[in-house]
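Enquirer: What follows is each chain in one-letter form.
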Amino acid sequence: MNHLPLIIKREYFTKVKNKSFIVMTFLSPLIMIALIAVVAYLSQLNNDKERTLSVLDETGYLEGVFQNTENTTYTHLNGLSLDDAIALVKEKEDYGLLYIGKANSLDDVSGNVKFYSEDSPSISVISGLEQQIEKRLKEKKLEKDGVSIAQIEASQTNIEIEQESFEGEKSSKIDNVVKLAFGGAAGYLLFMFIIIYGNMIMRSVIEEKTSRIIEVIISSVKPIQLMMGKIIGTSLAGVTQFAIWVILGGVLLFIVSAIFGIDLAQVQSPQQEIMNQAMQADGTQAVAENLLGAISNLPMTNLIIAFLFFFIGGYLLYSSLYAAIGAAVDNETDTQQFMLPILMPLILAVYVGVFTVIEDPHGTVSTVFSFIPFTSPVVMLMRIPFGVPLWQQGLSLLLLIGTFIFTVWFAAKIYRVGILMYGKKPTYKELFKWLKY
Amino acid sequence: MNDLLVANSVSKQFGSFKALNQVSIAVPKGSIFGLLGPNGAGKTTLIRIINQITMPDEGAVLLDGQSLKPEHIRDIGYLPEERGLYKSMKVGEQCLYLAQLKGLTKTEAKIRLKYWFDKLEIGDWWNKKIQELSKGQAQKIQFIVTVLHQPKLLIFDEPFSGFDPINANLIKDEILQLRDEGATVIFSTHRMESVEELCDHIALIHKSNKVLDGKLNDIKRQYKTNTFEVGLESLNKDKVFSEIQDKFEVLPATFKNLNDDIKLNIKLREQDSPNDLLSFLTSKAEVHHFVEVIPSASDIFIQTVKNN
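Going down the list, the protein sequences come from chains A and B.
Each residue of the first sequence is one higher than the one before, counting from 1 in the numbering used here.
Each residue of the second sequence is one higher than the one before, counting from 1 in the numbering used here.
Simulated from the structure, these hints should not be mistaken for lab results.
Treat the hints with caution; some may be incorrect.
[What the hints assert, rightly or not] In silico SDA-like cross-links for lysine to any residue, where the CA-CA straight-line distance does not exceed 20 Å:
{"no.": "1", "chain 1": "B", "residue 1": "90", "chain 2": "B", "residue 2": "115"}
{"no.": "2", "chain 1": "A", "residue 1": "433", "chain 2": "B", "residue 2": "16"}
{"no.": "3", "chain 1": "B", "residue 1": "87", "chain 2": "A", "residue 2": "203"}
{"no.": "4", "chain 1": "B", "residue 1": "172", "chain 2": "B", "residue 2": "117"}
{"no.": "5", "chain 1": "B", "residue 1": "263", "chain 2": "B", "residue 2": "229"}
{"no.": "6", "chain 1": "B", "residue 1": "87", "chain 2": "A", "residue 2": "21"}
{"no.": "7", "chain 1": "A", "residue 1": "413", "chain 2": "B", "residue 2": "14"}
{"no.": "8", "chain 1": "B", "residue 1": "87", "chain 2": "A", "residue 2": "330"}
{"no.": "9", "chain 1": "A", "residue 1": "17", "chain 2": "B", "residue 2": "94"}
{"no.": "10", "chain 1": "A", "residue 1": "429", "chain 2": "B", "residue 2": "17"}
{"no.": "11", "chain 1": "B", "residue 1": "129", "chain 2": "A", "residue 2": "345"}
{"no.": "12", "chain 1": "B", "residue 1": "87", "chain 2": "A", "residue 2": "22"}
{"no.": "13", "chain 1": "B", "residue 1": "87", "chain 2": "A", "residue 2": "204"}
{"no.": "14", "chain 1": "A", "residue 1": "49", "chain 2": "A", "residue 2": "74"}
{"no.": "15", "chain 1": "B", "residue 1": "87", "chain 2": "A", "residue 2": "12"}
{"no.": "16", "chain 1": "B", "residue 1": "152", "chain 2": "B", "residue 2": "180"}
{"no.": "17", "chain 1": "B", "residue 1": "215", "chain 2": "B", "residue 2": "296"}
{"no.": "18", "chain 1": "B", "residue 1": "119", "chain 2": "B", "residue 2": "172"}
{"no.": "19", "chain 1": "B", "residue 1": "129", "chain 2": "A", "residue 2": "16"}
{"no.": "20", "chain 1": "B", "residue 1": "106", "chain 2": "A", "residue 2": "5"}
{"no.": "21", "chain 1": "B", "residue 1": "87", "chain 2": "A", "residue 2": "18"}
{"no.": "22", "chain 1": "A", "residue 1": "17", "chain 2": "B", "residue 2": "215"}
{"no.": "23", "chain 1": "A", "residue 1": "413", "chain 2": "B", "residue 2": "17"}
{"no.": "24", "chain 1": "A", "residue 1": "222", "chain 2": "B", "residue 2": "103"}
{"no.": "25", "chain 1": "B", "residue 1": "152", "chain 2": "B", "residue 2": "178"}
{"no.": "26", "chain 1": "A", "residue 1": "17", "chain 2": "B", "residue 2": "129"}
{"no.": "27", "chain 1": "B", "residue 1": "90", "chain 2": "A", "residue 2": "21"}
{"no.": "28", "chain 1": "A", "residue 1": "222", "chain 2": "B", "residue 2": "71"}
{"no.": "29", "chain 1": "A", "residue 1": "17", "chain 2": "A", "residue 2": "360"}
{"no.": "30", "chain 1": "B", "residue 1": "129", "chain 2": "A", "residue 2": "14"}
{"no.": "31", "chain 1": "B", "residue 1": "69", "chain 2": "A", "residue 2": "217"}
{"no.": "32", "chain 1": "A", "residue 1": "413", "chain 2": "B", "residue 2": "13"}
This structure is a prediction, so every number in the text was calculated from the model and none was measured.
Kindly produce the complete structure, drawing on both the sequences and the hints.
Expert: Rendered as C-alpha cells:
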C-alpha cells in the first residue's frame with residue numbers, strides 16, 4: 001500500500017494550519033518591510049538635516065570652494081582669529097568650524113587643516129570636505145606648474161575592456177556582477193531553506209517520538225515512507241511559505257514606497273554610492289540597458305533546470321540527515337552534538353561560494369567543491385551563471401544523487417531503530433551499531 | 001488450520017543482546033491469547049515482529065497460513081504500550097488519518113467512526129484537540145483507532161493502563177465482544193487478574209525464551225498441587241488435628257469464614273482421591289468448607305519466573 005500521498009498531505013496541512021507557521025508567514029514580510037521603511041526613513045531624515053559649517057581660511061587658497069548646497073550652508077569667517085571664530089561658532093551652535101591655518105606654500109597646507117566641533121563630526125562630512133580641499137589644492141599646484149585643467153581633462157582616456165569568450169560570447173563587468181548576484185542568491189536561498197526547513201523536519205520527528213504516536217504509525221506504514229512523506233510535506237509547506245513571502249514582500253514593498261514616497265534606493269552602503277556615481281557617469285539608461293542585457297546573456301534555461309535539480313537534491317540530502325537526527329534523540333537539546341557535522345559542510349560551502357567562486361569561478365578549489373556532494377549544491381549553483389560545462393554539471397548531479405540515495409538509506413536505518421528508542425542519549429558509536437540491526 | 005497466527009522459532013538479536021531465542025507460539029482463531037512475561041523479557045520485540053515493525057533474524061511468522069506480507073497490516077490492529085496521538089491535531093481528523101493509513105476509505109472510516117463515537121458516547125469530541133482530552137479519554141480514541149478497520153488479529157499491549165475501573169471494564173467488555181464477533185486477540189499485560197478474567201491461552205516469555213505455553217486451564221491443572229482448603233468444626237480440635245496430621249501433609253490456611261475452628265490446607269497423597277479425603281474428614285469432624293486450591297495466573301507467573 002502506498003500511503004505516501006496521505007502522509008504528505010497530513011504533514012503539509014498540519015504545518016500550514018499551525019498557528020505559529022501562519023503568523024510567521026504573514027508577519028515576517030511585514031516586519032521586514034517595516035524595518036526597511038524605518039531605516040530608509042531615518043537615513044532620509046539624516047540626509048535632510050540642514051547643517052551650517054563655518055570656514056576660517058587663513059591661506060586664501062580655498063576661496064570659492066565651499067558652495068552652499070541644499071543641506072549645507074557655509075559661513076566664511078575671514079579675518080577673525082581662531083579663538084574668536086571658535087567662540088562665535090559655539091555661540092551660533094553651528095555644526096562645526098573648518099580651520100585652514102596659515103601656510104607659506106601650497107605644500108604646507110596639508111598639515112594645517114583642522115575641524116572643530118561640539119560632537120565628533122560624521123565621516124561623510126569630513127571626507128566630503130577633504131575631497132573638496134584636495135581637489136582645489138591639486139588644481140592650484142597644476143596651475144603653478146603651468147598645466148591647465150582643460151589639458152588634464154583632455155589627456156584622460158576612459159578604458160573599458162570588452163570581454164569575449166573564444167565562442168564569441170560577449171561579457172562585461174556588469175555581466176559578472178549579475179552572474180554573482182544570481183549564483184549567490186540561488187546558493188544562499190538553498191542554504192537558508194535547508195536550515196529553516198531541515199530543522200522543522202527534525203522537530204516534527206521529535207514530536208512524533210515524544211507524543212509516542214510513532215509506534216502506532218509505523219505499524220501501518222514503513223518508516224522510510226513516513227520519513228519521505230515528512231520531508232516532502234514539510235518542503236512543500238516551505239515552498240508555500242517562501243512563495244507567500246516573495247509575493248507579499250514584493251507587494252508590500254511596492255505599496256510602502258508608493259504611499260510614503262520613500263526612495264528605497266537610498267538605503268545603501270557607501271560603496272554602492274560610489275558605484276552609483278560611477279554608473280551615473282555612463283548615464284542611467286545605459287546602465288539599465290546593460291543590466292537587462294547581462295540578464296538576458298545568462299544561460300537561463302540551464303540555470304533554471306540546474307537550480308531545480310541541485311536545489312531538490314541538496315535539500316533532500318540534508319533533510320534526510322535532519323530526520324535521522326530527530327529520530328536518534330528524545331528532545332531538541334540533545335540534537336546539538338549531531339548538528340555540527342551537518343552544519344560544517346553547509347557553512348563551508350557558502351564560504352567557498354562567497355570567497356572562491358567570486359575570485360575564480362573555474363579555479364581548482366571552486367571546481368573540486370562543486371563536485372563534493374555535501375558542498376556541491378551550493379557551490380555549483382553559484383558557479384553555473386559563469387558557464388559550467390554540461391558534463392561537469394551532470395557528473396556533479398550524479399554524485400549528488402548517489403550520495404542522496406546513500407544518506408536516505410543511512411537515515412532510514414537510523415530512523416527505523418531510533419524512533420523506537422526512548423530515554424537514551426545515543427552516541428555516534430551506538431548510531432553506527434544501529435546500522436547493523 | 002485453527003491457528004490464526006503461528007510463530008515458528010523466531011529469534012532476534014540486537015547487537016550482542018539476544019531479545020528472542022527460538023520462540024514459537026500458536027494463537028488459535030477466536031481466542032484471547034495472553035502473552036506474559038516480566039519487563040524486558042522480549043514480549044514487545046515479538047509483537048513488533050508480528051506487526052512487521054522489526055524483522056526476525058531467524059524463524060517465520062504465519063498469519064492465516066501465509067508468511068507475513070505488507071498487505072497483512074490491514075488484518076492487524078495494534079495498540080502499543082508506548083502510545084500517543086498527535087497532540088495538536090483534532091480528534092476527528094486524526095482518526096480519519098489513522099484509519100486511512102490502515103487502508104479504509106474516507107467515507108467508510110467516517111461511518112465506522114460515527115458508530116464507535118456513539119457507542120462510547122464521545123460524539124462531541126470530534127472537533128477537540130487531543131491536548132484538551134484527559135489521558136483516559138485519549139486512550140479511548142486510541143482503542144477505537146485500533147479496532148476501527150475490523151482486523152482479524154488484535155494486539156493489545158497493556159490496554160487498561162490509564163483507565164479508571166469503570167472505563168477499564170467498558171474496554172474489557174468491548175474486547176470480549178470483538179472476540180465473540182470473530183476477532184482473535186493477543187493480550188500482553190502484567191496485570192494477572194485481567195489475564196485470569198480474559199485469557200483462554202497463555203504463553204510466558206522469560207529472558208528471551210518461551211518457558212510456558214498452553215490453555216490456561218491445562219496449565220493450571222499442571223500447576224495444581226492436589227491441595228484442598230478445609231474448614232472443620234469439632235469439639236475435640238487437638239485430637240482431630242493430630243489425626244489429620246498423621247495421615248496427610250498439612251499447612252495452615254488463611255481464608256475467611258464464619259466460626260470455623262480448624263482451617264487447614266491439606267495435600268492429597270498419591271493414592272488418594274478427593275472423595276477419600278472428604279470421607280475421612282466427615283468421619284472426624286463437621287465439614288464446613290472444602291475447596292480445591294487452584295493456582296492463580298499470578299502464582300504460576302511468579303513460580304515459573306523464579307524457577308527459571
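Enquirer: Determine for every hint whether it applies to the structure shown.
Expert: Against the structure, the hints:
1. B:90 with B:115: holds, 18 Å
2. A:433 with B:16: Holds: residue 433 of chain A and residue 16 of chain B sit about 10 Å apart, inside 20 Å.
3. B:87 with A:203: Measuring from Cα to Cα gives roughly 14 Å; hence the hint holds.
4. B:172 with B:117: Holds, because 17 Å separates the two Cα atoms, which is no more than 20 Å.
5. B:263 with B:229: The given pair, whose Cα atoms are some 8 Å apart, holds under the 20 Å limit.
6. B:87 with A:21: holds, 16 Å
7. A:413 with B:14: Given that 20 Å is the threshold and the Cα spacing comes to 14 Å, the pair holds.
8. B:87 with A:330: Roughly 17 Å separates the two Cα atoms, so the pair holds.
9. A:17 with B:94: holds, 14 Å
10. A:429 with B:17: Within the cut-off at roughly 16 Å; holds.
11. B:129 with A:345: violated, 41 Å
12. B:87 with A:22: Roughly 18 Å between the alpha carbons, so the hint for residue 87 of chain B and residue 22 of chain A holds.
13. B:87 with A:204: holds, 12 Å
14. A:49 with A:74: Satisfied, since the Cα-Cα distance of roughly 14 Å is no more than 20 Å.
15. B:87 with A:12: At roughly 16 Å apart (the allowed maximum being 20 Å), residue 12 of chain A and residue 87 of chain B satisfy the hint.
16. B:152 with B:180: Cα-Cα ~12 Å, so holds.
17. B:215 with B:296: Given that 20 Å is the threshold and the Cα spacing comes to 14 Å, the pair holds.
18. B:119 with B:172: Cα-Cα ~14 Å, so holds.
19. B:129 with A:16: Status holds; Cα separation ~17 Å.
20. B:106 with A:5: holds, 14 Å
21. B:87 with A:18: holds, 12 Å
22. A:17 with B:215: Violated, at roughly 52 Å.
23. A:413 with B:17: Holds. Residue 413 of chain A to residue 17 of chain B sits at ~19 Å (cutoff 20 Å).
24. A:222 with B:103: holds, 14 Å
25. B:152 with B:178: holds, 10 Å
26. A:17 with B:129: With Cα atoms ~13 Å apart, residue 17 of chain A and residue 129 of chain B stay inside 20 Å; holds.
27. B:90 with A:21: With Cα atoms ~17 Å apart, residue 90 of chain B and residue 21 of chain A stay inside 20 Å; holds.
28. A:222 with B:71: Judged against 20 Å, a Cα distance of about 12 Å means the pair holds.
29. A:17 with A:360: Distance of about 45 Å is beyond 20 Å: violated.
30. B:129 with A:14: holds, 13 Å
31. B:69 with A:217: holds, 17 Å
32. A:413 with B:13: holds, 16 Å
In terms of the numbered hints stated before, the structure departs from hints 11, 22, 29, listed from lowest to highest.
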